[in-house]
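Novice: Each chain is listed here by its residues.
Protein chains: 2
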Amino acid sequence: MNENNMLNLQTYIVDFNKPLKLSSGKVLEKYTLKYETYGTLNKDKSNAVLVCHALSGNHHAAGLYSNEEKPGWWNNMIGPEKPIDTNKLFVVCPNNLGGCHGSSGPSTINPENKKIYGSDFPIITVSDWVDSQKNLMKHLGINRWKFVIGGSLGGMQAFQWSVQYPSMIENCIIIAAAPKLTAQNIAFNEVARQAIMKDPNWCDGNYLENNVSPNQGLALARMLGHITYLSDESMKEKFGRDLKLSKLNYNYDVEFQIESYLRYQGEKFVSGFDANTYLLMTKSLDYFDPIKDMGDMFISNLNITNAKFLVISFTSDWRFPPIRSKEIVKILINNNKRISYSEINADGGHDAFLMNNQDYFDVMKEFIDEACNGI
Amino acid sequence: MNENNMLNLQTYIVDFNKPLKLSSGKVLEKYTLKYETYGTLNKDKSNAVLVCHALSGNHHAAGLYSNEEKPGWWNNMIGPEKPIDTNKLFVVCPNNLGGCHGSSGPSTINPENKKIYGSDFPIITVSDWVDSQKNLMKHLGINRWKFVIGGSLGGMQAFQWSVQYPSMIENCIIIAAAPKLTAQNIAFNEVARQAIMKDPNWCDGNYLENNVSPNQGLALARMLGHITYLSDESMKEKFGRDLKLSKLNYNYDVEFQIESYLRYQGEKFVSGFDANTYLLMTKSLDYFDPIKDMGDMFISNLNITNAKFLVISFTSDWRFPPIRSKEIVKILINNNKRISYSEINADGGHDAFLMNNQDYFDVMKEFIDEACNGI
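Chains A and B, in that order, are what the protein sequence lines are.
Sequential numbering of the first sequence, starting at 7, is according to the working numbering.
Sequential numbering of the second sequence, starting at 7, is according to the working numbering.
No lab work stands behind these hints: they were computed from the structure.
Predicted, not measured: the structure shown is a model, and the values here were computed from it.
Just so you know, not all the hints are guaranteed correct.
Given that identical chains are not distinguished, each listed pair holds provided it fits within a single copy or across any two copies.
Stated by the list, open to error - Below are the DSSO-like pairs computed for lysine-lysine, each with C-alpha atoms no more than 27 Å apart in a straight line: (1) K186 - K253; (2) K242 - K298; (3) K336 - K242.
This is chain A alone, in the form it adopts within the complex (with noise of 0.2 Å):
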């Protein structure tokens, strides 16, 4: 609690009333965002961060509640003296539209007939994601973030408030993240909304007011999501060919460490994510790509930044490995942008995002300090 205190973490919900317009046309009418902040936002309102989060991120990421046997989930990350510093900064991490953890989302009410939103819910992009944002910056009375930072698609939402909100963005770090996802990255995300889709329990997605969950299909999805966050040389290092017991079962039970690992993995994340939040996300991944959608506007937004970029990758990391960070990169050099990058050597795959590294935390910390000079 001491720690808590010392980052000072608040945890918010905040309904919106007016209409937002989404991506796919359709409008939510009404919609709620619960968010956590941590450090304190100073007087001219001009040290706040947005962290975004990733496909099964939350608002907690920092700080422990006293039911929690983990902090949240960037907790390495944000805190005093850490990268993130909240002695100096203020940081606000919202839950996403489409979340599980508190926001609007396919799990809770729909204010319009008082039912389960379900499949009712409206699939959400990327844009729709930062419009929100904007919004819930606006109610906190903040008219420029110093910094908007993510990690995967976390990293996109950063890179996409460069281009949709260009004056409202002093700094971006866009961390292990692409301009847009390849044929393999769809279809690995399309297997895993199949696996919950095939479920016989997910019911058109209204799974909720039949009393039951696609428990079995998303943990599938889980599962192989978990191959594709860590790298071959990880789970050879973490795993390699041991067995659970010492020697061959000669049936289908679990028998490699990696298979016990994987179903653990499976298990544990049915019970506290939502199918149809997994849905959603997978697809806000599929559909995110700025500089199609966006046309001409994506250049001429770019020219108006005067934001400073950051951008990470990880050696190991084959979701979004470094040649795909570095086509964001690209991007930036050829429109005159100001723009470090940096390729982290780590053997922890996509994850290393999360993962403590020296190395990845100086990156941060040198370029987070720099920028706060007179903060």
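Got chain A; can you put chain B on it based on the hints?
Specialist: Then chain B, alone, in the frame of chain A:
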């Protein structure tokens, strides 16, 4: 038909009544092997080639039946004046034990109780396959294979032959294989198995006697498999981010061409393949580790063989990439075997071993022709 005549395609079914002791300790009292042959066995029976199939393959490697749209799975490789030249060689390709195309397997009748085997069919290892293939060899009166050849799981069988029956193999061609699976390889197999076994129609493996089939699980397994068979690059070239319709649906129907392709592959596969066979084949892959399993016998048997080896890998194969094939090469070099290694520049991913590629065919042809001198 004319081409089949030149190929001298013959199909056989042979029943073995001598018990086969399996790696698991179980015994198959009787079993059937279905196999095809191409070309003609010469008088001294010195021109026989064993072709071993991979996970979803079967005995129908070459030629075209009148009711088929596509010829056998390696028709580009096997035939008159093709690399495996049936004008000179007599090629034998069995459906592996545990398969679902005519040899004894989970979907055939257990002679002991006259019921469909289902989950009662034992798990078969690569070593067991080699034993059964040796019995087929004896049945054919062949004492020594001129070549044992296979890709992927078929390459593992070829490798196993060289250490299990080291004096019965004159040349060994191991394509797109590895000496054992990595944790990541096993992980993909495990997700595929879970997809099948979590399908409510799986019925603990006894779905046939219940007149149902775990088609959705098997389709998912196949979709996932396909991602690992293709390279990121080939998917990009073939599908990219192309949409099936002209614009996004904002729902979970098929949108991207890659989704359409995967769903089609999944659906097509289930009509001709048995889910229990899929489970069994993935286990054979996971278990394969002759260096560990055979202990000292591995090296002493490798020392016995006079076989010449050809090992081939493909640059874009990420299931068993060149670095994995080189592990085999290293073992062979360290044991003073005569070995050629070729890394073929190819975009096709793991499936490149089935595709047309002049470099690949030239390497195969040269090695085979040289070894055939005097036939």
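Novice: Each of the hints needs a verdict: does it hold here or not?
Specialist: Verification of the supplied hints:
1. K186 - K253: between (44 Å within a copy, 16 Å between copies)
2. K242 - K298: Result: close only across copies, 17 Å inter versus 38 Å intra.
3. K336 - K242: Answer is between; shortest inter-copy Cα gap is 20 Å, intra-copy 33 Å.
Comparing the model with each numbered hint stated earlier shows that all of them hold.
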